[in-house]
Amino acid sequence: MVEQHIASAFDRDLEAIQAQIMKMGGLVEVAIIDSARALETRDEELAQQVRRGDKAIDGLEELINEEAARVIAIRAPAAVDLRLVLSVMKIAGNLERIGDYSKNIAKRTGVLIQGQDNSDSAAALRRMAREVELMLKDALDAYIQRDVELAADVIARDREVDQMYNALFREFLTHMMEDPRNITSCMHLHFIAKNIERMGDHVTSIAEELIYLVTGNRPEDDRPKADTTSTTTQEI
Amino acid sequence: MNTMNMMDKTLDTQTTKISARDVNVYYGDTHAIKDVNVEIDANTVTAFIGPSGCGKSTFLRCINRMNDTIDVCRVTGDILLDGEDIYDKRVDPVQLRAKVGMVFQKPNPFPKSIYDNVAYGPKIHGLARNKAEMDEIVEKSLRRAAIWEEVKDRLDAPGTGLSGGQQQRLCIARAIATEPEVLLMDEPCSALDPIATAQVEELIDELRTNFSVVIVTHSMQQAARVSQKTAFFHLGNLVEFGPTGQIFTNPDDPRTESYITGRIG
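Protein chains in written order, with the working numbering: chain G, 1 to 236; chain A, 1 to 265.
If you're looking for bench data, these hints aren't it; they were derived computationally from the structure.
Keep in mind that the hints are not guaranteed to be accurate.
Just so you have them, the derived chain G footprint on chain A, three or more residues with Cβ under 8 Å [unchecked claim]:
{"no.": "1", "region": "88-100"}
{"no.": "2", "region": "218-231"}
FRET-style restraints, in silico, Cβ to Cβ [stated by the list, open to error]:
{"no.": "3", "chain 1": "A", "residue 1": "D82", "chain 2": "G", "residue 2": "N217", "range": "47 to 55 Å"}
{"no.": "4", "chain 1": "A", "residue 1": "E149", "chain 2": "G", "residue 2": "D201", "range": "54 to 62 Å"}
{"no.": "5", "chain 1": "G", "residue 1": "R70", "chain 2": "A", "residue 2": "P111", "range": "44 to 52 Å"}
{"no.": "6", "chain 1": "G", "residue 1": "I144", "chain 2": "A", "residue 2": "E149", "range": "54 to 62 Å"}
{"no.": "7", "chain 1": "G", "residue 1": "R146", "chain 2": "A", "residue 2": "D253", "range": "14 to 22 Å"}
Glycine included, C-beta positions come from ideal geometry on N, C-alpha and C.
Isolated chain A (complex conformation):
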């Protein structure tokens, strides 16, 4: 037995939230994702790592059908959320994205007030019956995103006026306001300073109690810090998927080893 297992944070549950089967993605003639099979657990932070262009972001975007907006993009295979195919014709992508939220690399708040940024999703999905309920959702989301104390006195100020780190946490508040079940994060900290990064990482760990989090990151240390499971992508293949502690102390595949130890692979 590998004695390093104690390094893996205990997993609360083993329930599969997202199940990908034989997923292939093509951009025109480019074969971007090749036969990826992966099971993502509920209440777990899963990190996708790999060199630029390895397909990790592409795969992440498949999970809430963000690739639908790209004309030349073609997805085959099945992605199941709680056992239901998200690419089924009856699935409304807008409804899907309420369940599967996303936070992007660059903070992209709406050119609206801080309050409206967070209230937007709950409003279009009809999650609040009155102003009081909406106030409650906004406050709760901002609190969970660890930004409430900083913005509570200026909720009417434009979201774009916040600092980069604050904007990113605002975007996270916006993403969790609709109570998604899965939160996808594409390099959420790449534009943030170390303090804001630590706050976002702390937040990710807290979000795990309610959501499944999938994070794409170029920072290996971040993947090691925040995730319980790590998937390594290389040239469109899912090379290795396993407990984070094992991937970072004793990976099975030499390509994973080369990548995480900073060797040319």
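One chain only, chain G, in its complex shape:
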């Protein structure tokens, strides 16, 4: 936005809520990375830290929604300003969900640490989480720079996350069939994989919000869906 509002306090309000989104995004990025690292390194303390950290993320979401409601009430934003406030509210919701998934991963990590070694799967999950974290970083950068192309790239990359999830899904099924003693850990590992896959969908929504903010139109929902697990079977 090159032009400033005549009421400069309006500009300050809009900048402030965007700064809070960035702060929230930073916390969520850390939560993704830490939850995946805690899983791979079997670090219960780090997992606990992620679980505790989710409160701050939830608090920021609440703060952002209150601020957005205040701006709507006081400034009656229109056009791009209205889209900004709407997108900020939705992005805060997406970030909060991603935070929740990280927290859930950290909870399951507590259980998994008690069981046998699963370092291969944990390493694969960490790669998947790393990919989602990079997507989130780019989505937030795209948001601040109003970069529609970068946002479109983020949306396209969700396909890779889906494919990683498909591969893990098959792998866990195989492990479970090989030995029923694997079922407990594989169930938890599968939920973790599913959580990360869902994070990717929320990151995609954030990128779509940016496109809406800049263009006023939401991208057509024709992006390739690569999650095939809902029809996957494994023969014994």
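Given chain G, put chain A in place with the hints provided.
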């Protein structure tokens, strides 16, 4: 497709009521309106917005030839009401103004009784055959202007004795008493408190079933609330004209965007 379309109130009809073609207005050497083309739908509230001096009031006044009274004012181009040129030599401006009513920024009741204020138009246009019919027109107009309950017991009191909001609604009753087809409103709420404003806005929405309403307003929120179509004027040009929901969520022209979001444009 823009998903914001659901925000636009459904339009009852798409019939064109007023059609302006290449309209230019000059005040002496000042070129006040530049090549304006616009189609105003029947049974629709159309809002004209824009900064002071952008020409929106000037253009509004062209629609019932109020500018005829200004000597230095010159209008070129065509304005058609139901397909007929209102600037045609055979058109009597007085008859035209019975069809195209107007409400002004400041309430301007005649220094007469409330009853006579409303009865004046129907009287000079011979719309009532007897006292009973006139009573009926007066009551109906006052009811439609949402002021009947407040004044029914003092119809003989002077119109100028009413409060500002009541006076404005009286003027609206006066404007609709002649059953106009188009109602022009030039900042009808700028002198009113929020309650009277809400009453007038409610009234505007009801009037839409019978009339085409064109409203000039400096309140963007009012334009967004009452209109189905919005036209943005800037420096005498009609910059953008479209469905109100679209203008306020996703305008096409950067000048419209700057204006409605309160930026220097």
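A quick look at each hint next to the structure:
no., hint, in the structure
1, 88-100, "violated (count 0)"
2, 218-231, "holds (count 3)"
3, A/D82 x G/N217: 47 to 55 Å, "37 Å, violated"
4, A/E149 x G/D201: 54 to 62 Å, "57 Å, holds"
5, G/R70 x A/P111: 44 to 52 Å, "48 Å, holds"
6, G/I144 x A/E149: 54 to 62 Å, "56 Å, holds"
7, G/R146 x A/D253: 14 to 22 Å, "19 Å, holds"
Checked against the numbered hints given earlier, this structure breaks hints 1 and 3; the rest are met.
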